[in-house]
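> Single-letter residue listing:
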Amino acid sequence: MVGTKIVIIDYGMGNLGSIANMLGKIGYQAIISSEVGDIAGAGKLILPGVGSFDEGMINLKKLGLIDVLNHKVKIEKVPIMGICLGLQLFTRQSAEGTLAGLGWVQASTVKFDFPPKRSNLKVPHMGWNTVAIRKPSLIFNGLEKEARFYFAHSYHVRCDNQDDILATTDYGYEFASAIQTGNIIGIQFHPEKSHKYGLNILKNYVEAF
Amino acid sequence: MFKNRIIPCLLLSNKGLVKTIKFKNPRYVGDPINAVKIFNEKEVDEIAFLDINASKEQRKPAFDLIADIASECFFPFCYGGGIRTIADIRKILFLGAEKVTLNSYALENPGFIKEAAEVFGSQSIVVSIDIKRNLFEGLRVYDSCRGKPTKLDPVEYAILAEKIGAGEIFLNSVDKDGTYTGYDLEAVEKVSSAVNIPVIACGGAGSLADVTAAINIGKASAAAAGSLFVFHGKHRAVLINYPSIEQIRELIK
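From first to last, the protein sequence lines are chains A and B. The numbers in my numbering rise by one with no breaks, and the one at position 48 of the first sequence is 48. The numbers in my numbering rise by one with no breaks, and the one at position 70 of the second sequence is 70.
What the hints contain is simulated information worked out from the structure, not anything from laboratory work. Since this is a predicted model, take the numbers as computed values, not measurements. Just so you know, not all the hints are guaranteed correct.
Counterexamples of contact, computed for chain A against chain B with all Cβ distances above 12 Å [unchecked claim]:
| no. | residue |
| --- | --- |
| 1 | Ile31 |
| 2 | Gly64 |
| 3 | Asp67 |
| 4 | Val68 |
| 5 | Arg92 |
| 6 | Gln93 |
| 7 | Ser108 |
| 8 | Ile133 |
| 9 | Lys135 |
| 10 | Gly142 |
| 11 | Arg148 |
| 12 | His153 |
BS3-like mimics (lysine-lysine), calculated; alpha carbons at most 27 Å apart, straight line [claimed, not checked]:
| no. | chain 1 | residue 1 | chain 2 | residue 2 |
| --- | --- | --- | --- | --- |
| 13 | A | Lys25 | B | Lys42 |
| 14 | B | Lys42 | A | Lys145 |
| 15 | A | Lys111 | B | Lys114 |
| 16 | A | Lys111 | B | Lys163 |
| 17 | B | Lys60 | B | Lys91 |
| 18 | B | Lys114 | A | Lys62 |
| 19 | A | Lys196 | B | Lys3 |
| 20 | A | Lys44 | A | Lys62 |
| 21 | A | Lys111 | B | Lys219 |
| 22 | B | Lys190 | B | Lys148 |
| 23 | A | Lys74 | A | Lys62 |
| 24 | B | Lys42 | B | Lys114 |
| 25 | A | Lys196 | B | Lys253 |
| 26 | B | Lys91 | A | Lys44 |
| 27 | B | Lys3 | A | Lys135 |
| 28 | B | Lys91 | A | Lys62 |
| 29 | A | Lys111 | B | Lys190 |
Where is the CB? At the ideal position from N, CA and C, for every residue including glycine.
Please model the complete structure; the sequences and the hints are all you need to start from.
Listed below in structure tokens is the structure:
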């Protein structure tokens with residue numbers, strides 16, 4: 001939506017610049033911030049993240065962002081999009097760490113675990129892969145048949161409720177690569193690094209969601 | 001469907017793009033930002049940027065150049081060269097790289113791989129292993145910062161790197177670099193089979209058939225190439241190129 005203040009949450013975890021760059025390419029100016037005030041005034045939030053689970057939670061706590069985020073997401077119901085680690089932090093916990101996650105979605109984060117016959121698959125799941133839509137969502141508006149997305153992760157989200165899964169991706173087995181519960185949306189791949197296909201996802205989030 | 005990556009490996013020297021032969025005689029091939037713009041249009045899978053002088057000259061990574069690259073990169077890239085601290089990595093990732101490549105400092109202090117992976121996750125940490133064949137000892141890790149071979153077995157080093165947190169191995173052959181004679185498939189296969197993390201093969205690609213061989217025979221998760229994607233023809237005229245998605249589909253099945 002035009003005029004909405006988009007805030008990319010800076011918690012020391014990764015490639016915030018590239019998300020702002022891609023949004024800039026389609027004419028949206030996002031604010032990269034770790035300030036409670038900026039986040040409190042946001043109309044749309046993005047929680048990116050490249051890094052480890054506990055480090056992410058520790059940083060959110062250290063910056064004093066947990067309360068404001070809980071308020072924005074659970075009470076105000078402001079849209080938030082988690083990318084990669086950002087999505088995983090939405091879950092209750094992760095096999096990568098010992099700390100509790102934000103717990104906004106009924107899900108946990110688990111490590112890729114292949115049956116022996118697929119054990120030739122490498123972890124991290126690193127590279128380009130496709131998505132299969134499981135549930136219609138505005139986020140996938142205009143998805144091209146050729147669409148492919150960049151993944152770089154060793155852990156993935158496992159939802160309690162299959163109805164929360166928007167899309168799955170096949171790597172040894174089908175895992176949830178996009179999920180949604182109300183105003184909370186999470187994407188395992190990196191739209192900011194997925195050429196025009198990812199650009200389309202970010203555009204959808206900003207304009208239609 | 002998951003697809004193996006084809007990765008241009010672009011060497012940086014004094015903020016220009018260069019290409020070497022057997023890690024020597026860097027030749028200026030152009031402006032990195034210009035190359036990034038072309039690779040954007042070609043919908044490249046990923047790019048590996050390696051600053052070949054930073055460690056030798058004990059320089060910090062070129063953060064301003066990384067920022068410029070990131071502002072034009074709508075695809076993943078990793079950056080290597082001169083990284084020696086957690087703060088260096090944090091800054092590079094913040095600027096927009098997905099991954100960093102550790103080489104010289106990891107050789108000096110393997111504990112740094114662990115430290116970095118604990119903070120940034122394995123998926124952000126690529127360990128680059130330069131290899132060189134030695135008449136008497138066979139395949140050895142090459143210390144390109146000091147310009148001499150080490151006693152390390154690359155397979156053992158790759159296994160160690162994986163164990164302490166590396167998310168990917170970038171295996172670069174000194175003997176093959178810039179020669180167009182194909183990858184060192186034996187070395188690629190040995191290392192790929194020894195670890196459970198992705199291995200990127202680099203060095204020697206002279207044709208797209210070599211790329212296919214690195215993946216099918218070498219069992220590499222990704223194939224990287226320098227000369228193949230920056231030069232054209234036997235006189236090595238500079239021409240940034242990259243296969244189309246249709247070509248790639250034919251190459252990797």
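> Would you mind marking each hint as holding or not holding in the structure?
Verification of the hints:
no.: 1; hint: Ile31; in the structure: holds (15 Å)
no.: 2; hint: Gly64; in the structure: holds (20 Å)
no.: 3; hint: Asp67; in the structure: holds (24 Å)
no.: 4; hint: Val68; in the structure: holds (21 Å)
no.: 5; hint: Arg92; in the structure: holds (19 Å)
no.: 6; hint: Gln93; in the structure: holds (16 Å)
no.: 7; hint: Ser108; in the structure: holds (17 Å)
no.: 8; hint: Ile133; in the structure: holds (15 Å)
no.: 9; hint: Lys135; in the structure: holds (21 Å)
no.: 10; hint: Gly142; in the structure: holds (17 Å)
no.: 11; hint: Arg148; in the structure: violated (7 Å)
no.: 12; hint: His153; in the structure: violated (6 Å)
no.: 13; hint: Lys25(A) / Lys42(B); in the structure: holds (17 Å)
no.: 14; hint: Lys42(B) / Lys145(A); in the structure: holds (18 Å)
no.: 15; hint: Lys111(A) / Lys114(B); in the structure: holds (19 Å)
no.: 16; hint: Lys111(A) / Lys163(B); in the structure: holds (16 Å)
no.: 17; hint: Lys60(B) / Lys91(B); in the structure: holds (11 Å)
no.: 18; hint: Lys114(B) / Lys62(A); in the structure: holds (23 Å)
no.: 19; hint: Lys196(A) / Lys3(B); in the structure: holds (18 Å)
no.: 20; hint: Lys44(A) / Lys62(A); in the structure: holds (22 Å)
no.: 21; hint: Lys111(A) / Lys219(B); in the structure: holds (23 Å)
no.: 22; hint: Lys190(B) / Lys148(B); in the structure: holds (22 Å)
no.: 23; hint: Lys74(A) / Lys62(A); in the structure: holds (21 Å)
no.: 24; hint: Lys42(B) / Lys114(B); in the structure: violated (35 Å)
no.: 25; hint: Lys196(A) / Lys253(B); in the structure: holds (24 Å)
no.: 26; hint: Lys91(B) / Lys44(A); in the structure: holds (25 Å)
no.: 27; hint: Lys3(B) / Lys135(A); in the structure: holds (24 Å)
no.: 28; hint: Lys91(B) / Lys62(A); in the structure: holds (19 Å)
no.: 29; hint: Lys111(A) / Lys190(B); in the structure: holds (26 Å)
In summary, the structure is inconsistent with hints 11, 12, 24 from the numbered list given earlier, while agreeing with the others.
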